[in-house]
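Q: Here's the letter readout for the chains.
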Amino acid sequence: SQQGEEDPQALSIQEGENATMNCSYKTSINNLQWYRQNSGRGLVHLILIRSNEREKHSGRLRVTLDTSKKSSSLLITASRAADTASYFCATHSGNTPLVFGKGTRLSVIA
Amino acid sequence: GAVVSQHPSWVICKSGTSVKIECRSLDFQATTMFWYRQFPKQSLMLMATSNEGSKATYEQGVEKDKFLINHASLTLSTLTVTSAHPEDSSFYICSARSGLDATDTQYFGPGTRLTVL
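Which chain is which? The protein sequence lines are Z and U, in order. Using this note's numbering, you'd call the opening residue of the first sequence number -11 and step up by one each time. Using this note's numbering, you'd call the opening residue of the second sequence number 257 and step up by one each time.
Source of the hints: derived by calculation from the structure; they are not laboratory data. Some clues are possibly wrong.
[Said to hold, decoys possible] For lysine-lysine, the following DSS-like pairs were computed, each having C-alpha atoms within a straight-line distance of at most 25 Å: (1) 44(Z) / 57(Z); (2) 57(Z) / 14(Z); (3) 297(U) / 14(Z); (4) 297(U) / 90(Z); (5) 297(U) / 322(U); (6) 14(Z) / 58(Z).
[Said to hold, decoys possible] Computed beta-carbon distance windows for the label pairs: (7) -4(Z) / 296(U): 11 to 21 Å; (8) 15(Z) / 371(U): 29 to 39 Å; (9) 270(U) / 66(Z): 44 to 54 Å; (10) 63(Z) / 272(U): 40 to 50 Å.
[What the hints assert, rightly or not] Some residues of chain Z that are not near chain U, with every Cβ distance over 10 Å (derived): (11) -1; (12) 16; (13) 33; (14) 34; (15) 42; (16) 54; (17) 65; (18) 73.
Note that beta-carbon positions come from the ideal geometry of N, C-alpha and C, so glycine has one too.
So that you can see chain U by itself, here it is in the shape it has in the complex (with noise of 0.2 Å):
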């Protein structure tokens, strides 16, 4: 089956720092790539969507410049959470398509635990 991963699995990082997390598809080509954050007991709310070589399209209430998401390459895309803040401290989850048609299956990553002191 498709396998998603996600680098580092979890990171402490001191607050105004940046920290970039990666999202791999190892076994596919994501035309497609998804980030979402969970807080705790909390569902997962959609950030962006990126598609392969183009910006990525955020949702409302996501400040683009402090979620900086680029997708490179059809097996690639990273999140940076830009000055991070205590705020900012979740579970970000990482999701890759491998199709164009938005039914196409979502395939997920483990998550990245992020702590900010």
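Just chain Z, with the same shape it has in the complex (with noise of 0.2 Å):
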């Protein structure tokens, strides 16, 4: 069953600009992680984030987890037309697999 919730489903920006994607999910974690797609592509693990972490960075990435919120957002600062790809948030939550959220479209304009 799926697990996380992106919004927004679809989001377009100006290069340079900063996108932000938030997730939801409904159930304890023990992580969550994030993960990149280009159209037809497959996944590129981006971040992950332990359920005893708020906050943490990668480059140009920060992502938050609200535990109490049961919510993690990813931050995109200064994007370029080369983030343009879908965004999953995909969560763990005891001994099951990866669980995926429905995805962010990201389009950055030049």
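Put the two chains together into one complex, using the hints given.
A: The following block contains the structure:
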């Protein structure tokens, strides 16, 4: 069953702007991960944040996690046209494999 | 880093035929492999989980007789779509995990696009 719900479903911004995507989930988690997928291609792992962490950075990416609200956000700063892709959150709960959210389609216009 | 490959990357077949997709972990031993399906503009849906040497565990609503999964070795899992129909057309992605801990990293293959005519 689907665990995460991303919003917005689609986001269009100008190059150089920041992009923020949100993910909500329903049950307790061990960790939450963000992936990128270019159209018709495989997944690229971006970042993992554990349930006891609140914020994590990787390059132009910043991920926050609020376990009390069961939500996470992914911020991409100074976006580039190459950031155009779909972004998915995925959660680990108990012994289950990764369960993916519906994704956000990001378009960065040059 | 850990690499997972899939073969073929795309396949077109006639309705009623069977198609086999291979998933290999190239530089690590995968105790557990997962198969996901992704329809256009949708998310990845888990189909089944397989552990090396044992039968796969299928998610609710996934027909085990239609989607045959074999995980015969620690580096290879295969998904066979039997008697494929146009509604089986989808992007199939495998994932492999080396450890027994559910929180160990899952590494994803590049996907296989299946088109059934």
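Q: For residue 14(Z) and residue 58(Z), compute the direct alpha-carbon distance and say whether it is at most 25 Å.
A: holds, 7 Å
Q: Range hint 44 to 54 Å: satisfied by the CB atoms of residue 270(U) and residue 66(Z)?
A: 48 Å Cβ-Cβ, so the 44 to 54 Å window holds.
Q: Does residue 16(Z) clear chain U by more than 10 Å, comparing its Cβ with all Cβ atoms of that chain?
A: holds, 13 Å
Q: Between residue 44(Z) and residue 57(Z), does the CA-CA distance stay at or below 25 Å?
A: Roughly 17 Å separates the two Cα atoms, so the pair holds.
Q: With a cut-off of 25 Å on the C-alpha distance, tell me whether residue 297(U) and residue 322(U) pass.
A: Holds, at roughly 24 Å.
Q: Holds or violated: are the alpha carbons of residue 57(Z) and residue 14(Z) at most 25 Å from each other?
A: holds, 9 Å
Q: Starting from the range 11 to 21 Å, see whether the pair residue -4(Z) and residue 296(U) falls in it by beta-carbon distance.
A: holds, 19 Å
Q: Grab the minimum beta-carbon distance between residue -1(Z) and chain U and tell me whether it stays above 10 Å.
A: holds, 14 Å
Q: Run the distance test for residue 297(U) versus residue 90(Z): straight-line Cα separation, threshold 25 Å.
A: holds, 9 Å
Q: Between the beta carbons of residue 63(Z) and residue 272(U), is the distance compatible with 40 to 50 Å?
A: At roughly 48 Å between Cβ atoms, residue 272(U) and residue 63(Z) fall inside 40 to 50 Å, so the hint holds.
Q: According to the definition I'm using, a residue is off the interface if its beta carbon is farther than 10 Å from all beta carbons of the partner; does residue 73(Z) meet that for chain U?
A: holds, 13 Å
Q: Is the nearest CB of chain U more than 10 Å from the CB of residue 54(Z)?
A: holds, 20 Å
Hint violations for this structure: number 13 only, all remaining hints satisfied.
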